[in-house]
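Colleague: Sequence:
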Amino acid sequence: MLRSSLITTIIALSLLLSCGGAANMRSGYGDPDGLTIVFAGDVLLDRGVEPIIRRHGVEYLFRDVSPVFHDADFTVVNLECPITDIDAPLMKKYIFRADDSCAAALRKSGITHCAMANNHIMDQGQSGLADTYQNILDADLVPIGYGRNDSVRLLPAILQKGDIKVAIFNDCAVRVENYDSPFDGPGIANVPIAKVLPLVSDFHRQHPDFRIVIVLHWGVEFRQQPNPSQRMQASQLFAAGADLIVGHHPHVIQDIDTINGHTVYYSIGNFVFDQRNPLGKKALMPIITFRKDTILQEVKEVEIVRNCPRVK
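Under the numbering used here, think of the first position of the sequence shown as 403, with each following residue one higher.
Rather than coming from a laboratory, the hints here were simulated on the basis of the structure. Mixed in with the good hints, there may be bad ones.
Here are the simulated DMTMM-like pairs of lysine to aspartate or glutamate, each with C-alpha atoms no more than 20 Å apart in a straight line [to be verified]:
id: 1; residue 1: Lys495; residue 2: Asp582
id: 2; residue 1: Lys563; residue 2: Asp542
id: 3; residue 1: Lys597; residue 2: Asp552
Derived CB-CB ranges, DEER-like [as the list claims (entries may be wrong)]:
id: 4; residue 1: Glu461; residue 2: Ala641; range: 37 to 45 Å
id: 5; residue 1: Asp565; residue 2: Asp542; range: 18 to 26 Å
id: 6; residue 1: Asp542; residue 2: Arg449; range: 25 to 33 Å
id: 7; residue 1: Pro453; residue 2: Asp611; range: 41 to 49 Å
id: 8; residue 1: Phe624; residue 2: Val713; range: 22 to 30 Å
id: 9; residue 1: Asp473; residue 2: Met634; range: 33 to 41 Å
From the three backbone atoms N, C-alpha and C, an ideal C-beta is built for every residue, glycine too.
I would like the entire structure built from these sequences, with the hints used as guidance.
Modeller: Shown next as structure tokens:
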């Protein structure tokens, strides 16, 4: 039932985008006139995934999707666990940690950017968070949603190819258990979306030649529909100047919607994850190509088999 509903949603989105002129539902691979970004959901490198890493290595997890990553200009994933040898866990129900060697393997798999604004990246405390940031940098990956104060944490990552420029903002809009980002010190962007709106508006006003993407960790876990607040917030973000919203956190797929010609993926689901819930084994992988005057979109359906993503 979910698959049938999903296909219907994707077909409907294709028609809306083609008719509206804001985007077309087709691939932009190898497009010399465009900048292509692959977006993927939650990447967990611990718990049920860790034995696979120990046996086969991190790159094995991405073996089916790595060619897609490498064909694109950039790939953005939600890094759902710290990558650090520091063992300093917070007091919370679920605590994750991956070996610091994992960062380099992510880069080899074709990942370029790690969204850090989520509710597990700080599972090993401030020291583990700072070490994760450094390990990401050392692996030639770009962290998003991290910094020493809110103004830095909410600075966008800048992606450019020729004359095409994209800014990616990252925020965790859900409560993080037993954690508060310090006023001055390593922390993630963990603020209400109301605080993101003026930043997006200001950036759009100052840089009208940029496309703006908002990557959000938001919503309610395991709920298949976004809540009314999210729908309102999506409209507000688009009104502020955003061109695209990509969400995760619920661990299941949620609606794809078009608001005034702009697309919001409320939740693209898991990606590398050990979820037992059958709905948690289905995901979306949006492939977005930004051209000067258009946005081309392709949505690949992903099935998570033995914790590893497989493109259908």
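Colleague: Hint by hint, say whether it matches the structure.
Modeller: Cross-check of the supplied hints:
1. Lys495 / Asp582: Distance of about 16 Å is within 20 Å: holds.
2. Lys563 / Asp542: Since the Cα atoms of Lys563 and Asp542 sit roughly 18 Å apart, the hinted pair holds (cutoff 20 Å).
3. Lys597 / Asp552: 10 Å, holds
4. Glu461 / Ala641: 37 to 45 Å: Given about 41 Å between the Cβ atoms, the range holds.
5. Asp565 / Asp542: 18 to 26 Å: Hint holds: Cβ distance 25 Å, inside 18 to 26 Å.
6. Asp542 / Arg449: 25 to 33 Å: 27 Å, holds
7. Pro453 / Asp611: 41 to 49 Å: 47 Å, holds
8. Phe624 / Val713: 22 to 30 Å: This hint holds: roughly 24 Å between Cβ atoms.
9. Asp473 / Met634: 33 to 41 Å: For Met634 against Asp473, whose Cβ atoms are near 36 Å apart, the range 33 to 41 Å holds.
Violation of the numbered hints given earlier is absent; every hint is satisfied by the structure.
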